[in-house]
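Going down the list, the sequences are from chains D and R.
Read in order, the letters of the first sequence correspond to residues 1 to 219 in my numbering.
Read in order, the letters of the second sequence correspond to residues 220 to 481 in my numbering.
No wet-lab data here; the hints were simulated from the structure.
The structure displayed is predicted, hence computed values, not measured ones.
Honestly, I wouldn't trust all of these hints.
[What the hints assert, rightly or not] The calculated lysine to any residue pairs, modelled on SDA-like cross-linking and capped at a C-alpha distance of 25 Å, are: (1) D:LYS204 x R:GLU320; (2) D:LYS150 x R:LEU295; (3) R:LYS407 x D:GLU47; (4) D:LYS56 x R:CYS388.
[Claimed, not checked] Chain D is faced by these chain R residues, among others (derived, beta-carbon under 10 Å): (5) MET253; (6) LEU255; (7) VAL257; (8) PRO277; (9) ILE290; (10) ARG294.
[What the hints assert, rightly or not] Covered stretches of chain D (chain R as the covering partner; in silico rule of three or more C-beta atoms under 8 Å from a C-beta of chain R): (11) 25 to 32; (12) 38 to 47; (13) 160 to 170.
Heads up, the beta-carbon is just placed ideally off N, CA and C, and yes, glycines get one too.
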Amino acid sequence: MSWGFLRDLLSGVNKYSTGIGRIWVAIVFVFRLLVYVVAAENIWKYEHDEFECNIKQPGCENVCFDHFFPVSHIRLWALQLIMVSTPSLLVVFHVAYRENREKHHNQKLYRNPREIDGALLCTYLISLILKTGFEIVFLVLFYKLYNGFKIPRLVKCDIRPCPSTVDCYISKPTEKMIFLYFLVTTSCLCILLNLSELSYLIFKYSIKCYLKRYMKKQQ
Amino acid sequence: MDWGALHTILGGVNKHSTSIGKIWLTVLFIFRIMILVVAAERVWGDEQDDFVCNTLQPGCKNVCYDHFFPISHIRLWALQLIFVSTPALLVAMHVAYRRHEKKRQFRKGDKKCEYKDIEEIRSQRFHIEGSLWWTYTSSIFFRLIFEAVFMYAFYYMYDGYQMPRLVKCSDWPCPNTVDCFVSRPTEKTVFTIFMIAVSSICILLNVAELCYLLTKFFLRRSKKAGNSKQQPNHENKEETKQNEMNELISDSCQNTVIGFSS
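Model the full structure from these sequences, guided by the hints.
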């Protein structure tokens, strides 16, 4: 079980997506997942070993690291990727349910079980809203937990058992900050894509509905 | 999920590239990605552990390392490779879009649609013509831009392409100007120069591909203008343009187009 599983999941989701949805999948694959696996993971690999405090007091480094990094950036990033990819499963399940229903009743119940209309449209819209929601929640979490998106070189720590205010140095702060900004940028891009897909679908189906009603009135 | 996944994605794009494009993709995967994964990553693997400063002051090493290596070569190369590979996805998406349109026409029962079934659309060869030609050319152009930007970023950040053995650091909390020693500077210089050389080769290949496409396009156009003077009527403009681009690309393109998603 590794990121390959998520990749397969997203490939499956791709089949039922709109054009904008496919661009979203491509961005998540290439600019988020791939960057995470080949670059970002290695930066945070030895973050605890390389976190150094100006003190020999045993336990002080551990306690300070835990205070300043309750959840590591890289773990939050991984959680974000997983949470943001999973709402698409709702659509997959709904399509599977439709196809199952057709098989069970042995007749054609839908014009095309994979076409985004009716209840499947609602499911798709809900999945878009959830995706956007998760993105925003994680961005806010990052912001709140780490007081913005900056990573300082030095943090001052005075938690027991540190005997006084001690200087602690974070490793590779600039590199971590660059990748954090990269994460935030791609998140925002994905939010924009989700919102435009949402608007596009609502607009398209409102027009369709309106035209249907208009045709009926004409008749 | 790793570079192999990128290879799978780009493999589909390879099928509708020109011959030069296929060579470029081979160079990218063998001489850049593979070298990065099997060799370069090991060379830079212990970069911070073996970065040693001539002081016992806690924190001095961290701060000096961060000052001299704001972003590691390895990460910068990884980003460069990702950015340079992605314009090819534009082409894949355009092809997928065209295929989707053809399928839609077929399902509507359009009389103009000459396909017998969906499978034929899936396996049909799309020639790089019209708007697809523009997408393809733009993707080469973006590749060039990204390569140039990253090469410049390397040069700017590290004052050239050589890795020094010794750097002098006086950032706080280092008590004075402290000597810090970089691990494996010669090996790192060798790999840096190698990666820069291969980047340059890729730039040359992209420029050659661009020139090749443009030259052929203008040559065909002038030929067509010459022919149309002799035979001023009959042919549909669109058909001649299509024939011209078909000739242009059929010399170099040989494989079936498969989009990013079917």
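Right, here's what the structure says about each hint:
{"no.": "1", "hint": "D:LYS204 x R:GLU320", "result": "17 Å, holds"}
{"no.": "2", "hint": "D:LYS150 x R:LEU295", "result": "20 Å, holds"}
{"no.": "3", "hint": "R:LYS407 x D:GLU47", "result": "23 Å, holds"}
{"no.": "4", "hint": "D:LYS56 x R:CYS388", "result": "24 Å, holds"}
{"no.": "5", "hint": "MET253", "result": "13 Å, violated"}
{"no.": "6", "hint": "LEU255", "result": "9 Å, holds"}
{"no.": "7", "hint": "VAL257", "result": "13 Å, violated"}
{"no.": "8", "hint": "PRO277", "result": "4 Å, holds"}
{"no.": "9", "hint": "ILE290", "result": "5 Å, holds"}
{"no.": "10", "hint": "ARG294", "result": "5 Å, holds"}
{"no.": "11", "hint": "25 to 32", "result": "holds (count 4)"}
{"no.": "12", "hint": "38 to 47", "result": "holds (count 5)"}
{"no.": "13", "hint": "160 to 170", "result": "holds (count 4)"}
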